[in-house]
Amino acid sequence: MLQFKPQKGRIIFHIDMNCFYASVEMAYDKKLKGKALAIAGNPEERKGIIVTSSYEARAKGVKTTMPLWQARKLCPNLMVKRPNFERYRKASRKIFQLLSEITPLVEPVSIDEGYLDVTEVDYPRGSIQLAKDLQQAIKNRLDLPCSIGIAPNKFLAKTASDMKKPMGITVLRKRELNEKLWPLPIEKMHGVGQKTAEKLHSIQIKTIGDLAKKDVYILKQLLGINGERLNNRANGIDPRIVDPKAVHEFKSIGSSQTLPRDTTDEQVIVQLMKQLSLQVERRIKRKQSSGRTVQLMIRFQDRNTITRSKTLPSYIDNEEDIMSVAYELFKTHWDGKPIRLIGITLQDIEEKKNIVHQLDLFTYEKEEGKEKLQTAIQELTSKYGENPFKQLDEQPKDEQPRTSFQKDFLDDYLK
Amino acid sequence: MRFTIQRDKLITSVQDVMKAISSRTAIPILTGMKIEAKQHGITLTGSDSDISIESFIPTEKNGEIYVENIEEGSIVIHARYFPDIIRKLPENTVQIEVDEQLQVTIRSGKAEFSLNGQDADEYPLLPQVETDNSFQMPTDLLKYMIKQTVFAVSSMETRPILTGVKFTLEKGKLNFTATDSHRLASRDVPIDAGELEFSNVVVPGKSLNELNKILDDTEEMVEISVTENQILFKTEHLNFLSRLLDGNYPETSRLIPTQSKTTIFTKTKELIQAIDRAALLAKEDRNNVVRLTTLDNNMIEIMSNSPEIGHVTEEVPIQSMEGEELKISFSSKYVLEGLRAIHADEVKIEFTGAMRPFIIKPINGDEILQLILPVRTY
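From first to last, the protein sequence lines stand for chains X and S.
The first sequence begins at 78 in our numbering and counts up by one.
The second sequence begins at 72 in our numbering and counts up by one.
It is worth saying that the hints were derived from the structure and are not from the lab.
Please read all numbers here as calculations on a predicted model, not as lab measurements.
Incorrect hints may appear among the rest.
To be verified - Partial chain S-side listing against chain X, Cβ under 8 Å, derived: (1) T250; (2) L326; (3) V360; (4) I389; (5) M426; (6) P428; (7) V446.
In this text, a Cβ means the ideal position worked out from N, Cα and C, and glycines have one as well.
Construct all of the structure, not just a fragment, from the sequences and the given hints.
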């Protein structure tokens, strides 16, 4: 057994759950195991797009974002389930609880992946065995498969976890870069999207190795600071630390939803906008924060998408205020074309305790009523530490994230 | 039109008039500068239709000849090039000549420029200001009053009237008031204006800033005339005309507290320096907040805290204190600007509660007042 404990440098795990939604469904209903299973968003409301699928389905060519009818053509005995986010959320929380038993240095990235810094973890049988035992524990206790990448930094760990699925454990060492990382096509590199890949192709970069050897100056001219960052990563350099608080650092909170059918009916659109504003309100309040930029996204029938935003002089956090700004944006920027999707996002987010409100000469008298309460709170705060009167953490049971991108709940796993 | 002029006199006048000329204007000819030659002198005019400035260069003053060889006439010259040309000419005198085709020839020494001019008849006539409603005051005092108030005007167009300074002349007292609704600056000066009284005269802050730059720090008198929609500031060789802002300035006097719950007396400079230090850690996007707490034995504490940067406290000795103890948070920017505008070695600050406006005044005097609204913290 190799003792993987370098003198310097860190040991980072990247845990990547395999076909997460499908696996959770299979753990929940064992009959689904070994079947071609797809999770598709709201089959009734739109033609249905594949959110994720099991390996059995993937083997037949089913891919994420594929329309359901196309997937059925490729795989006639495909079983389709609607997503049950509450179920996935619960599973996710259990996974992160398990991870945090190993080390407090856990950084959730999304519902189904996260980083662990196990450098300081004293595991007598070494880090690789730790990964194996962790993988087995998740399998045994939650019946969920995952892949783990082990490397000296986040980028390499993430790359490694991708190399063997399902139930893989891959170690990626810096000295193995030229054989394991560099031959890969540049599109496979994390952090390189389609646009970046196209740009890199224009300067004859086809593989990650090409990128690693390219002159940084040229890359900077092409991609700005990101060019240097990508070059560093291709050379196995990634200084990002595993930050358990990273998930708290949210800069915006938004909700979007596709309409049942494309519409020009303002009543329907306004109805949806109100619903979205309310969702944003709930989520921002949960975070005891406020924001002061409202962004409206409109996707038209032809898939053309516009985003328009407005920054306010003061912070807001309730449905009414969010809606009124969003509606103003809508009125200004909608040209009457059929709309497919609406998104409302609150940006410039700040925690309430950091927000101050500049009083106004012409309105301060109205606000004075709050002063007495304020002084009482201040006195108690100086007596007992932080504000003892937190607003209630209201969260009705039926409230679930509407998409997999909402990460709010990830800060709850330690509660 | 033709004349020969002392170059330094021309430069000064051109620079003054340029303050009113904007390259972006609805009326194209206003991007130019009008020059008019008369036997008694040369008049330069610039305007952006909000502000108009006329500067006069007399033929002679105190026996010194400024302008000679005058052949009367007028022209409008492109203001983009004219000032730089004059500034860079080689000799102390400049000859300017305009021909029938509106070609302007500028000569100095061996240098000769030829510029395309525009017909001065196309240049709009400036509004005529009746001089019945006028009063006089020393120029340096006017500048002082502007500097003590104009910084408090609103920079946002959401309430346009607040982008101006309100002039009131009542009972022999001239008052300037400016507020952006977060702070208010007010200054009184006794004026001998006879029977003349007015109120709700609101002069754009931008006009006053330009006026302050142009006026010299002298004790010579400036004559101020007010009409329905214009105000004219007139000195010996300068006419500065500004439009007034439309609308009613909100009533502010009743919003100024008259009683104090906590009063502190302090040296201005020490307080400015302590707040300035604390403000180093106060973030601009969070209103530059610092907190003032009264302590025992004539001390106050100035504190600022930005969780991601750090935190600073300083105990500052004060002269004395009266009334209740107090903890109040405010924008350091507003308080510093207010303290600096007071121009007094010692000030008194009157607080009326943590959520109510407070007032800074010189320790003995009511002629200037800086009012500031605190911030509410959650």
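Quiz item: Which numbered hints does this structure break?
Solution: 4
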